[in-house]
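Asks: In order, the protein sequence lines correspond to chains A and B.
So in our numbering, spot 105 of the first sequence is number 108, and the numbers just go up one at a time.
So in our numbering, spot 458 of the second sequence is number 767, and the numbers just go up one at a time.
Treat the hints as calculated values from the structure; they're not laboratory data.
Treat each hint with caution, since some may be false.
Subject to a maximum C-alpha distance of 27 angstroms in a straight line, what follows is the list of computed BS3-like cross-link-like pairs (lysine-lysine) [unchecked claim]: (1) B:422 x A:289; (2) A:143 x B:422; (3) B:647 x A:237; (4) A:142 x A:247; (5) A:271 x A:97; (6) B:647 x A:142; (7) A:289 x A:237.
For the chain A half of the interface with chain B, some residues (derived, Cβ under 10 angstroms), not all of them [as the list claims (entries may be wrong)]: (8) 67; (9) 120; (10) 237; (11) 287.
Reference listing, derived: stretches of chain A covered by chain B, where coverage requires no fewer than 3 residues with Cβ under 8 angstroms from a Cβ of chain B [stated by the list, open to error]: (12) 144-156; (13) 213-220; (14) 270-281; (15) 324-335.
All C-beta atoms, glycine included, are put in the ideal place defined by N, C-alpha and C.
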Amino acid sequence: MFLRRVLGRGLMLAAIAVLFASASQAADTLNVYTIWSERYATEVFRAFTKDTGIDVRFLRFSSGELLARLIGEKANPQVDVFFGGIADAFVAGKKEGLFERYVPRGAEAIPAKYRDPDGYWTGVAMDPICFMVNASFLKKNGLDAPASWQDLLHPAYQKGLLMADARTSGTAVSRIFSLVKAMGEDEAFAYQKKLDGNVRQYTESGAGGALPIARGQAAGGIFFVVDALEMQQKGYDVAISYPKEGVVYGVEAMGLIRGARQPELAKKFLDWAASPRMQQIYEAQKINLIPTHPEVRIQNPALDMSGVNLLDLDIEWSGANRKRLVDRWVSEILK
Amino acid sequence: MGVGDSEITIPKHSRQRPTAAGFALRAAIWLLLAVFVLYPIARLFLALFLPDGQSGGAFDAIARLADAFADRYTRRATLNSLLLASSVGLCGTALGFLFAFAVTRLGIPRIAKAFFSSVTTLAFVSPPFTGSVALTIVLGPGGLLPTFFGLPDVSIYGFPGTLLAETLTYFPLAFLTLATVLAAIDPTLEDAARGLGAPEGRVFRTVTLPLCIPGLANAFLLLFAESLADFATPLVMAGKTFPVLPTQIYLQITGMYDLRGGAILASVLLAPALAVFVAQRRWVGVRSYVTVTGKGIGAPRHTRSGILARGAILGTITVVTFFVVLLYATIVASSFVKVLGIDNSFTLDNYRFVFTSGLNSIADTLLIAVSAAIPGTALAVCIALLARRGGWCGAALEFVSLANAVFPGTVLGIAWLIAFNSGPIVLTGTMGILVALCVFRYDATGIRTTLAALRQIDPALEEASLSLGASRLTTLRRVTLPLVLPAVKAGMRSLFTVSMTAISAVIFLVSVNWSLLTVRILQCMTELMFAEAAAFSVVLVGIVFAASACIDLLFRFLCPER
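Same shape as in the complex, but just chain B (with noise of 0.2 angstroms):
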């Protein structure tokens, strides 16, 4: 790869005896994953291959899941899944990476920069049902893009519906890995590489690129994983042409009420998340990704790439940016009309509903999420920090905490359910079960993002501070947490966002006592409130926007020589 010092390609970490508080965040960590990740998932399988304790249902189990595979249809949603989780991988991490490129090395105002990046984020928002409603008013036969275009007939539905749908919504969480990742590269090794001689084509396929590594890797986990569990759009988009694993888990549970046979199927989901982690372990593997090395850190130079280049990657950003807004100006159009289409007369009566009776699902929701972000972005850097590592106890740390994110939501939702309503821990009808669903499901980016960062630092940086006589727990405060600041920033805007608008594992936790946005975002969808959903999903938007500044507040408060 021929890139940072040879001698330190392996990040040997210095083999101390592990210290009383190291061992004991360690343990502390381990018990909280086996109680919020392993024990659900336990209670869950044990209902029900057990079920009244029987041990027949085992074998019963076996079967059905052999029935199952046996079926044509099943084999089909299964490639289809694995197909789709792929290519939202692919397609959104390039995509991610576009807008992280421009962003960071393209030199385009800063204005226009501020304005890309919170198209992700309005993106990443992406409130349930409205945004798959706006989708159709936009893109579905007889929508607006077709009839512009002049093809009314054309139906998305299917593959490229439910992917490009998948993609845009997902694309921002690799956003947000990459553009820690490439701000933290070191322009000295890309200046090198120029300074030989090197075109800017060759830099960016031979310097730049090859650095990304572990934030393409972790953000290519992260979609896969989220394409996996999602089985809200496909229901929406993929139509009957195009049946998909974890959609036929929700179908089997809500829909023939087999909630038995449901959770078999979504076992399965367990398998290809084991292989693709494996895989990007593989990939990512021993190499060197250290850029932040301390010597010569500039500010980031602006590559010279060429017109072609720089008009490609702006053109698309560009392209999807349009995209975005036109479903966001929808939803917000909707919200101001009584009727969007059939009578378009200027109301604010949505508005009214959404701040009378809505405003204490919105001060829950908004409670929830703040709960959630702060110990969850604590937990993220502690498990990150950890499972940097390596050794198969961190990678058992590592796979363990994306566990719960691969998993449909319905049918986490239930496990947490059964996990906490009855036996020694009860937690259900409380607020803290709906916080700790968002910690320990939605941590996923957090970690993610953390560690991508983490394997951009040289562990010269630290040993140099160990053998300058400071403690191992000095040496993080003021060497690594600082440099991974900006990661850990981006994982809890993402925890925070998506505690604001999960949905699907939420719907099985939420009691009377605690109403959330989303869950009156679903009830004006089934009441075909469209226009009230609309006003909703415009208010959780303002949110998540003004939560994004609130953080970027907060990290300057809590660290202000930065």
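Chain A extracted, bound-state conformation (with noise of 0.2 angstroms):
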């Protein structure tokens, strides 16, 4: 008797599952991945579908797990654009064949520095790197905002900064780049082996360390001026400020998947994020982006970027160059 009664009511319980779990599915809908954050993507695309009456499905990853999700999924692709991924994922997604060449309408007016040549992706966005230092932490120790790389060796930081693991965090790898492009490669490593000493902890992700910093649990650290301006908007007292040596800023991009099951679609949507519409979003909706359209204007001082010394990276060169310079990074710094 007891088994039956185990399997009888068991069964009863599974069939009503099954009854839930049999969800309808709709068609035309564009899908999309992302590694923007919920609110930034959510506003993007509602005011796609507003203005086209397309609908969009999307989930966010890291880039890292994006990168492997779509890799795993080429002899059946789930989605048809990615979407705000930095353009080093592009350039590596590139090489496995991941993406269809698209060169969106209207897009020859962003500057080709911001586009692949090939025309496999195309850049919507840029972030550059920057310094955020607990505002509390500088009064405390009567310093001024850094205004130079070679103010956060200062004693006064000594197992104070968080920084961006290499192997895990665009950020990380941004921050490298800019300390290769600004005084050399040999020079930038001489740098971070003394820097490493006022490091308390490399994080995993690139905003890892921007919550303690704000808590003043830590010092300062290197972020993408996104993070940073996230905390300052959510009320926290940090500082925000540039090298004057220069920094390097991420590309954020899109690109049409191979073989996507909705290609019409898909270039719709890569149409219309191009223009300039789109662009005017992120302000609108303090998505604190800094536009790649030249005739998108910005009001926001903090996006400002006329006073910061931005370097060039030339987007070849740091997708041939990423790996050494991690593996440099983790033999002569983390070891």
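These two chains come separately, so use the hints to put the complex back together.
Replies: So this is what it looks like as structure tokens:
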């Protein structure tokens, strides 16, 4: 009796579960992967749906997970567009044959340095590296916000800096690129060895150190400006500054997936997203990214980059040197 | 060992001709394991070793593996992983045993028992990301505890911090296994020892502890595997001085965009898992741990242990309890204020966010966890019953059912993605693949708990039933199953909980149609919305507790006579 009762009642419950599970799927929607935050992505896709009537369903991941997922799905792609990923990921994915060549209509207006020369991806935003330091830490130590890479070597920062780990974080890779571009490679690694004495921990994610710094559990760190501004908007008292030697910037790009199920919808989206209309959403919706389209004007002084020494990064060069520089960072700085 | 009846030291199950039903069951289980355990791993290695069908890939992969191990850093990471996994196995099993002993043997009031049990559930939920953030707030440099003890600059990052965090997360698995084992020990055995004049300490050392060996061995194996597969805790806690292999693998794949390199490293993890598995089988060996004999079942008596031992046990678990409660208090506090420590004004906005924008994910997660827990529990019982018989066939079954648990979630997730996104079986985008992943990756606890309980049952009980003319099926359902029901229940609870909190493998299989609570927590964390992530975590903890209560009710409903 025991087993029959267990089986009978168990089956009853299983049947209920299956009934609940049979959800239906809608057709004619665009499927997208993004690394942008939920809020940013929602604003952009909502505007697209409003303009065109096409629904967008999206998933967000970190760029490494996203790329691994695209490689795993290569034989049977599940999405049509990869939107808002850092250009590095596109360079790596292009080599894996993940993307289809497509230059969106009107994309020629975007400067060539933000686009793939072969037409596999188009940059829609840029995001420079900056310093973010806890304001009360600065006050307590009588320091000004750092204005040079050398300022971070000040003994007050000893074991107080949180930096991202170059093996997991695009922020960290851009930090290394900035140093290499600003000082030359060997000089940059000599500097990082000195800086290591002031580093408490290398965090997994680029933004991982932001919260402890904002809470005052650490002194400062190096971030993409999008994360630093996000902390400021949350109400934390942090100072954002840039080194006079210069910083590189990340390019946020988009591209068409090879073997997309809805290539026409995907192209429609890419055309729309390459227009100034899309990049105007950034400032209106407090998306802290800097437009790449020259026709888009910015009012927010925090996003005004005219006073910042921005170093241009050849994306092919960075793609080719990324692994070597990260390996060098692991073997010389981390160990 | 001098325990149990000497005539029945080796549980020899009546070697009847296997019935057709039994054969069909065995075939079905092997088929399921082949599809959901062996096939994805095979597809992964095929894709890695023979890319584009070139046989040169295999040599290349072996060369890369050799390269990786020529590197001192990788070797150190491997040794660190083994050290960490063994330490977590030992400490977690010991801590789980203390909790189980206190709850089953110390005669503490009912309410205290319930409290300590809920603390283990609480520790086990350990919502991803917020759990480690809470740990940093409490234990990090300048955190609550170091400041309280006047040591604001002490850093626990590295081995101690990782060991602490993993032990606190995984000891509840040991508790679940050991509480059922301890509760099932026939008190007359211990009474006999006392009657012969043995002091309490000696009774414990020579009777109670040896009888727990199957439970201890299973708990250790479980914790060892969990730690070996865990990359998330070391990622936050290990810092730069203590590299471990699972984290290296994760970094290789998601940081260096090197899927092949990472997965090749992951294949190495199977070796220590196999070694520990063989060692635990040796250790548990062929001795008898039979304590459920059907004779003189009395209520377990409480140990009249010395005041010192009692104080030490209760003291330890109180400290751990305090710590766990402090961690969760941080999360709860964060969820009710704007920005903890900066703007402590009370707000319900975080919960408003959870119950509007997050409602979908709560419903989806709940549905998946429930759908996984029910067939998963049935499967765990079947596998445990078949594996109990031992022999190489049982051992193979036991190991294969454990194999998924030792791979870091990232690697397993990618293996499943490759296997089920193209080829003969396409499941991606469905709910089925998420349910199957939960079942086949997280069933290990259920299998091990049930197996430990089965090894306590005197085969004579079942033989008696058989010799009275009952069929094997009747014996199974009237004798065996009711006896292991507490273990089955424990397995179901842990399967449900892990299905609710899993992230590492699931992230590769979630689709636009199915959003999960943990994925939402991750999103909140990447958007630096810690307060919202904390509110999600509190809701998650609430659901797990409600579900535990439901599972209790379910088992009473299925089996009211108990």
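Asks: Against this structure, judge whether each hint is valid.
Replies: Each hint tested on the structure:
1. For the given pair, residue 422 (chain B) sits about 51 angstroms from residue 289 (chain A) by alpha-carbon distance, which is inconsistent with the 27 angstroms threshold.
2. Among the hinted pairs, residue 143 (chain A) with residue 422 (chain B) is inconsistent with the structure: their alpha-carbon atoms are about 49 angstroms apart, more than 27 angstroms.
3. Among the hinted pairs, residue 647 (chain B) with residue 237 (chain A) is consistent with the structure: their alpha-carbon atoms are about 9 angstroms apart, no more than 27 angstroms.
4. Distance check on the hinted pair: residue 142 (chain A) and residue 247 (chain A) sit about 22 angstroms apart at the alpha-carbon level, within 27 angstroms; holds.
5. This hinted pair checks out: residue 271 (chain A) and residue 97 (chain A) have alpha carbons roughly 21 angstroms apart, not beyond 27 angstroms.
6. The hinted pair formed by residue 647 (chain B) and residue 142 (chain A) meets the criterion: a straight-line CA distance of about 24 angstroms does not exceed 27 angstroms.
7. Restraint check for residue 289 (chain A) and residue 237 (chain A): satisfied, since their Cα atoms lie roughly 12 angstroms apart, inside the 27 angstroms limit.
8. Taking 10 angstroms as the C-beta contact cut-off toward chain B, the hint placing residue 67 (chain A) at the interface holds, the least distance being around 3 angstroms.
9. Hint on residue 120 (chain A) is violated. Least Cβ distance to chain B is approximately 21 angstroms, over the 10 angstroms limit.
10. Annotation: interface hint on residue 237 (chain A) holds; nearest CB of chain B at approximately 7 angstroms, less than 10 angstroms.
11. This hint is violated: residue 287 (chain A) has a C-beta 19 angstroms from the nearest C-beta of chain B, more than the 10 angstroms allowed.
12. Figure legend: the region 144-156 of chain A, annotated as covered by chain B; annotation inconsistent (0 residues with Cβ-Cβ distances under 8 angstroms, at least 3 required).
13. Counting residues of the region 213-220 of chain A whose beta carbon lies closer than 8 angstroms to any beta carbon of chain B gives 7, which reaches the threshold of three, so the coverage claim holds.
14. Under a criterion of three residues with beta carbons nearer than 8 angstroms to beta carbons of chain B, the stated coverage of the region 270-281 of chain A fails, only 0 such residues being counted.
15. A stretch counts as covered by a chain when three or more of its residues have a beta carbon under 8 angstroms from one of that chain; for the region 324-335 of chain A and chain B the count is 4, and the coverage holds.
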